[in-house]
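Heads up: the sequence lines are chains A and B, in that order.
For the first sequence, position 87 matches number 87 in this note's numbering, and the numbering has no gaps at all.
For the second sequence, position 374 matches number 374 in this note's numbering, and the numbering has no gaps at all.
Just to be clear, a hint being listed does not mean it is correct.
On the chain B side, residues computed to face chain A include the following (Cβ under 10 Å) [what the hints assert, rightly or not]:
hint: 1; residue: 23
hint: 2; residue: 24
hint: 3; residue: 26
hint: 4; residue: 85
hint: 5; residue: 89
hint: 6; residue: 144
hint: 7; residue: 145
hint: 8; residue: 169
hint: 9; residue: 173
hint: 10; residue: 547
What the hints contain is simulated information worked out from the structure, not anything from laboratory work.
These numbers were taken from a predicted model, which means no experiment stands behind them.
Even glycine gets a Cβ: it sits at the ideal position worked out from N, Cα and C.
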Amino acid sequence: MARPSSAAGSFSDLPAELRGPLRAAASRLAHDVGKYVARTARNLPPHITAPIDAALLDMLCRDLYGAAPQVDGPALLFAKLSAPIAAQLGEPRLARVAEIFNELAALEEGVRMGELAAVERACGLAREVEQLLRALARDAAEGAR
Amino acid sequence: MSARPSSRPSMRPKLLLIDDGDRYIELLHHFLRDYSYATRCELPGPCWQCPQRPGCRLTHAHNAEEAEEALRRHPDVEVALLDIAFELPREQLLPLRKGAIADEDPEAALERQRRLQGLAILGHIRRSRGALPVVLMTAQEELGYEDAAEELAADEFVTLAGADALDARALGLLIERVLLRRRETPEAGGYLFGRSPQMARLRRDAQVLGRTSLPVLVLGETGTGKSALCEQVLHAAAPRSGPFVAVDLTALPDSLVAAELFGTARGAFSGAVDREGRFEHASGGTLLLDEIGNLPLEVQRMLLLVLQDGRVTRLGESTPRPVQVKLVAATNADLATAVRAGRFRADLYARLNPAAALLVPPLRERVEDLELLAKGLLRKVFAAGPNRQLLTQYCDVAGLDGPPHAELVIGKQAATGRGVRFAIHASSLEALRLHPWPGNVRELEMLIGNAAVFALADALSAAERKRAVPEAAATIPIPAKLVRELLRSSWPAAQDVEEQAQSGKSSAAGAASLHMGVKVSPAQSLHEVAQDVERQIYAELHRESDGDFAAMARRLLLGKGEGASSARRVRLRFNQLGLRVRK
């Protein structure tokens with residue numbers, strides 16, 4: 001996937017006192033959201049041609065939607081953790097991740113039913129979230145130096 | 001919890017996961033089933049077959065305290081997998097390294113403590129287990145704080161899993177790479193081959209023979225590392241599913257050897273119970289028969305049958321049981337001579353594959369390896385246990401940061417890593433090269449351990465009295481005098497052994513040439529017996545020489561005892577034996 005660039009400024013343009021906290025926030029997004037949302041997805045093949053194991057499907061659903069969906073899902077965590085960065089930067093990667101979580105919400109029923117197309121699409125989106133948030137954290141670390 | 005059928009001890013490498021949540025353990029249990037896992041429960045694994053598994057919190061360690069408990073319970077853990085961020089209540093968090101939190105409000109400090117808790121746990125593990133490989137399951141961009149990278153750079157046994165932390169296949173490959181590297185490090189119990197041509201040949205032959213089903217005969221003097229070669233190279237060379245079982249045949253009474261090796265059936269003899277022998281216990285793995293030259297002739301015949309048939313019959317039974325065992329026999333005796341003398345069966349000797357016997361050379365024949373061995377052995381000395389605690393204590397008192405790491409440097413050689421450098425003088429290294437090493441690598445290990453620990457204890461005393469300059473505290477000199485003294489007393493018979501080797505005389509012959517009546521009395525150990533004999537010889541010589549130590553040296557050292565230094569050495573040994581000078 002091509003790495004989007006920061007549109008309305010980058011981490012290195014920020015005042016020095018903001019760079020450290022925003023770097024920490026970006027790394028937290030990469031760890032707490034990006035890493036865990038793709039936990040099961042990155043262990044499944046890119047093209048899913050056969051129904052996946054029930055235990056794996058259960059793990060995938062918890063990664064994508066949380067154990068208690070309206071309480072601790074990754075979408076909610078993303079909204080909370082990305083707010084401080086979004087307030088300072090017009091960061092297109094955050095906008096894209098927000099779109100992905102909307103699409104994942106739309107796919108939820110199909111994923112929970114184990115529909116191959118829905119599962120395959122959801123896994124691809126989860127991997128994209130991870131890549132976007134890792135790239136964001138990398139840029140934040142470089143900008144903070 | 002319900003009981004599950006017990007199984008044989010697993011030979012799969014054991015992993016310990018340290019993670020506040022269940023994400024990793026679920027993943028590992030699902031995808032990486034070729035490993036066993038250090039749990040905090042009493043039941044044998046694997047967890048994924050346990051009916052208690054859903055909701056069980058004993059599957060792994062969730063914080064530093066649980067990690068400590070699991071490591072105590074499972075000293076055989078080979079790799080720890082450690083997450084970096086721990087969402088734990090404040091009271092369960094370890095403090096970060098001194099200076100890691102500065103000028104921040106308490107909430108920010110707590111947040112940092114949670115995000116870097118993995119590093120604090122790593123530091124905690126390092127205090128007791130210097131060489132345990134740790135895979136930190138994170139990528140650089142997830143660390144989030146500048147000081148984290150510096151902290152990690154100081155630890156050579158940490159591997160960052162990086163972006164592949166949650167890709168089970170990539171993680172499995174990473175674990176295998178870490179295990180391979182671990183098996184090659186002396187502090188982790190890896191075999192120290194060195195670089196001499198003899199050892200290069202031994203390495204090649206051992207790795208080839210280890211992969212076959214052929215029996216292997218390992219020859220070499222005492223202390224050369226025959227047993228270690230068998231376990232760490234021959235057993236490890238092939239992916240065997242069974243254990244490594246070693247039997248020291250000198251430690252078993254002749255009457256019990258057969259029962260111990262082949263097992264017994266109830267009623268086979270008075271008090272016999274149904275019990276598997278070492279052959280069955282080692283099934284699927286490797287059985288080392290150490291000091292095979294001591295095997296009684298009757299048991300040699302039984303062993304021959306097992307080697308011919310691949311089946312073992314317990315004493316008192318008539319039905320043989322199939323066993324698949326890689327047999328390794330080791331000895332420091334001359335088996336060919338024993339065959340000629342009728343003490344060892346020729347057909348069994350032939351079965352032990354003598355044509356491909358592995359000969360572990362004595363240390364004196366590979367002195368080019370000495371420096372490398374000394375460096376490796378020093379790291380091993382401080383890898384774990386009380387020595388490591390002493391090193392940790394020194395680092396604390398001397399104000400040295402980073403994981404306690406010990407390294408041996410020669411003279412003004414530059415150190416390659418951080419930590420404490422033990423500096424040995426070039427003249428001491430030369431003295432080590434000239435020593436005959438009758439006790440071989442084992443003797444060298446003891447000497448290096450003694451020298452380093454004595455030097456460390458002195459340095460610790462100085463540091464406690466604030467006499468050490470912090471910059472200088474990282475280097476601890478090992479005095480040349482200390483090395484000389486240890487060399488003299490590490491193996492008192494060194495000189496005798498060397499000369500006897502040259503003259504072809506045994507110690508008994510040596511005593512006979514002095515025309516002495518020596519009384520050998522049983523004692524608690526061979527060392528005590530030998531010391532008593534030596535004491536009698538010294539006392540008698542002292543009497544015959546009218547207390548003239550120079551004369552004693554001339555007689556003891558076969559004409560090479562001229563000079564004041566020989567007389568001093570004899571006098572020192574005389575005193576060490578607790579004898580009194582005649583008035």
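### Task
Compare the structure with the hints numbered earlier in the document and write down the numbers of the violated ones, lowest to highest.
5, 9 and 10
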